[in-house]
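Work the whole structure out from these sequences, hints included.
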Amino acid sequence: MEVYGDQLCQCPQRPSDLKTAEQERKNYLQTKRIFLSRGLYIAVTLQLFAYFYPHMDTSMFFYEPLKYFGSADFLYFYLMPRELGLVHVLLPLVAVLPSATFAAEDAHMGFLNYQLYRSGEKKYMRLQIQSALLGSVFASLAGSMLYVAFIALASPMSGDHVLESWRQIIKQSAYAPLLYANGWPIVLDSVFRFALAAAVWSMVGVGLTALTQNAGLGLVLTLAIAYQSNAVLQMNPALIYWSQRSLVAINIAYIDSLWANTIRQLIYFLIGITTALIGLKILMTRR
Amino acid sequence: MDICVENICKHYGKQEVLKNVNAHFASGQIHGLIGRNGSGKTVLFRCIIGYTKPDTGEVRIGTKRVGIDMRYPDSLGLILDTPGFLPQFTGQFNLELLMSIRGRPEKSHIQKVMCRVGLPDTGRKPVGKYSMGMRQRLGIAQAIMEDPHLLILDEPFNGLDSQGVADIHSLLKLLRSQGKTILITSHYVQDIEALCDTVHEMQAGILQQI
Amino acid sequence: MAKQKLKMIVFYTRAFLPLHICALAMAMAGIRALASPQFNMPGTTLGSLVAETLGGHEWNMFINIDAVTDWLLALLPPLTGLIVYMRSVMGKTLMFSLYRHGSKAKWMTSLQASMLLYTLLLTVLMGLAITFTGFFTGMRGLHVFGLDQSGFYNRIWWPPLFSMFTYAMQSFMLLEIYLFFYLLSGEVSIGLIAFVLPVIFAMLRGSNDELSGSIEWFINWGMSKRYSFSSGEYGVPVKYGILRQVLVNLGLLGLTHTLIPYLPLTERKEP
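Chains as they are written, first to last, in numbering that gives the first Met the number 0: chain A, 0 to 286; chain B, 0 to 209; chain C, 0 to 270.
Hint data in this document are derived by calculation from the structure and do not stem from the laboratory.
Every residue gets a Cβ at the ideal spot worked out from N, C-alpha and C, and that includes glycine.
Certain hints may be false.
[What the hints assert, rightly or not] Here are the simulated SDA-like cross-link-like pairs (lysine to any residue), alpha carbons at most 20 Å apart as the crow flies:
#	chain 1	residue 1	chain 2	residue 2
1	B	Lys-52	B	Cys-8
2	A	Lys-121	B	Ile-67
3	A	Lys-122	B	Gly-66
4	C	Lys-103	C	His-256
5	A	Lys-121	B	Cys-8
6	B	Lys-128	A	Gly-109
7	B	Lys-52	A	Ser-118
[Stated by the list, open to error] Rough simulated footprint, nothing fancy, chain A against chain C, three-plus residues with beta-carbon under 8 Å:
#	segment
8	25-31
9	74-83
10	110-119
11	177-188
12	229-242
So, in structure tokens, the structure goes:
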């Protein structure tokens with residue numbers, strides 16, 4: 000056994016001696032933890048599966064995929080899975096799986112004790128929220144952009160295969176100003192909104208997993224809240240635009256303002272962060 | 000860094016776990032805490048660290064009061080309960096993750112610390128595959144890696160083989176010579192006799208120096 | 000010996016059903032009842048509210064994603080208890096209990112028996128929660144109105160119980176799938192995906208009453224509203240659906256028992 004001398008080397012300086020930039024750089028290990036987590040890759044895979052699933056109804060998808068994706072335009076192939084909505088069903092899972100369960104995992108493993116006296120409560124909470132946001136947004140963006148990249152390569156942007164009927168509907172919806180450049184602005188806008196929704200659900204996931212100290216239970220409860228809130232809000236005509244389904248769906252007849260949509264989602268984001276903070280605070284009190 | 004515990008009381012429901020505990024732990028010494036299971040040793044440690052808020056009384060480390068002037072002690076190394084790590088990652092990564100919270104993690108430094116506690120060749124082995132003794136050693140490594148002034152070690156020798164116990168003994172003596180304040184508990188009298196400058200006994204929530 | 004085994008199963012079942020899990024399941028069922036389209040419709044009885052809330056969805060040529068999430072939501076409560084229970088079972092307590100059973104297969108038998116009892120009990124609790132929710136809002140009567148055996152429109156009592164039974168059977172089947180994948184992978188997320196994806200897949204593929212083979216999809220055996228007594232001639236025949244559901248459950252039990260010696264139950268080191 001190699002014995003390391005009689006002297007421990009000088010330890011890195013304590014936080015008060017460190018410059019801010021250095022303090023921020025060292026958080027890269029929290030980021031590394033996200034990218035080493037299996038949940039992230041499961042989430043991206045789920046997201047991709049959800050995008051491709053509606054196409055699996057057609058046998059041509061399996062036998063002649065490139066011909067299939069060449070049969071209509073890029074915008075159509077993006078809108079179709081979003082309209083059918085499987086991506087929305089799996090969104091809470093995609094949001095929570097990557098890194099929203101870290102706090103619950105830390106508490107369950109006993110790792111929390113070692114982190115807390117080093118970071119303090121506020122910093123720990125900030126790190127958990129940052130990790131959850133980064134993981135969920137990355138998973139959502141990666142899944143969406145991989146699919147977008149595929150259809151951008153495989154499907155025509157213009158020409159005979161453009162489905163004019165869809166474009167006519169879009170021209171009468173709130174998305175009309177974004178209908179140019181082959182629909183790229185619509186695609187990018189919806190990818191952004193989807194990522195924002197993932198961020199919201201990751202915050203709810205952090206709060207619930209921290210509150211229950213059980214990653215699995217927190218996941219299930221997040222799913223339950225996502226589905227139930229959607230059902231309840233969609234039943235009420237006055238509240239329908241507040242349902243998550245309305246906020247992320249690219250219903251091409253969507254006639255409410257996209258700005259109002261964004262503000263609603265930001266309000267939900269604030270509610271999500273509050274949930275996360277409450278859950279984390281309770282976790283640390285009950286530890 | 001002296002530790003002063005003044006009039007600490009703690010109840011859990013109707014049960015009084017700490018009864019007016021007073022103690023002074025001088026810096027640069029190893030202080031032993033003995034007592035039966037359930038006597039309140041771990042609760043006292045938790046009060047000192049700031050993880051548990053006592054019902055009455057206060058703990059001062061140096062001139063600062065825990066929970067009032069500072070949430071947790073500034074320079075602390077801790078083993079409490081069974082060491083808990085993220086089982087899917089290596090020991091090295093676990094320590095880097097912890098060290099990154101308030102310092103710049105240096106891989107070579109962490110490797111040296113792991114060598115020092117007897118974990119030189121764990122390589123890519125995840126902590127989930129460690130034996131209990133290895134986890135205990137990793138727990139000790141995480142406690143000492145940032146060169147803290149205060150070490151609180153709750154049964155640090157659990158699960159260690161005789162060579163491991165001897166290594167940790169020599170390590171603690173070295174740290175004492177560097178002026179660290181060390182509080183340990185152990186159920187083994189020989190550990191207490193070999194290491195401690197002072198010994199306190201906890202009996203049904205009452206602390207006495209013996 | 001049998002009495003001892005029964006006591007053990009009952010004891011395990013109690014462990015599945017702590018108060019907070021019961022409260023959570025009852026709350027989720029109550030909220031679903033409140034959000035149900037039948038709620039507060041004139042003529043709705045308590046029995047029809049139970050049959051509506053636990054009976055799934057009617058056949059639909061174009062099943063929408065909201066129906067999928069609604070049925071998923073309905074199936075989530077039993078999963079919560081299993082997740083909580085398995086976390087404690089698969090921790091250090093497994094080391095103490097497994098060798099006392101004598102074999103992994105015997106351990107699995109008692110676990111699955113407790114799981115079945117738990118599913119049935121939880122379904123009853125959920126039914127009670129739906130009933131009380133309706134009762135406190137003025138609904139009355141545990142019956143539903145439907146055609147009796149003589150062909151007359153009358154009060155009939157068994158549909159709410161039938162919907163609870165089919166719901167419990169489907170929940171148990173999905174819990175078996177969750178358990179299998181959880182034991183195989185050691186990951187709650189893999190188990191959860193194994194629970195969720197079959198439901199979504201089956202709902203989207205097997206909910207169309209124009210598909211000639213749609214009554215073969217397991218999802219329809221768990222929805223009393225898709226049986227022939229509710230849907231008419233296009234519905235799943237009662238004996239057909241129940242028999243298949245029971246056979247699938249038995250098949251899953253058999254599969255898990257066959258494979259349990261090979262599953263890494265104790266080989267993984269738990270923290």
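Hints versus structure:
no.	hint	verdict
1	B/Lys-52 x B/Cys-8	10 Å, holds
2	A/Lys-121 x B/Ile-67	15 Å, holds
3	A/Lys-122 x B/Gly-66	16 Å, holds
4	C/Lys-103 x C/His-256	9 Å, holds
5	A/Lys-121 x B/Cys-8	27 Å, violated
6	B/Lys-128 x A/Gly-109	16 Å, holds
7	B/Lys-52 x A/Ser-118	18 Å, holds
8	25-31	holds (count 3)
9	74-83	holds (count 5)
10	110-119	violated (count 0)
11	177-188	holds (count 3)
12	229-242	violated (count 0)
Figure legend: structure checked against the earlier numbered hints; hints not met, in rising order: 5, 10, 12.
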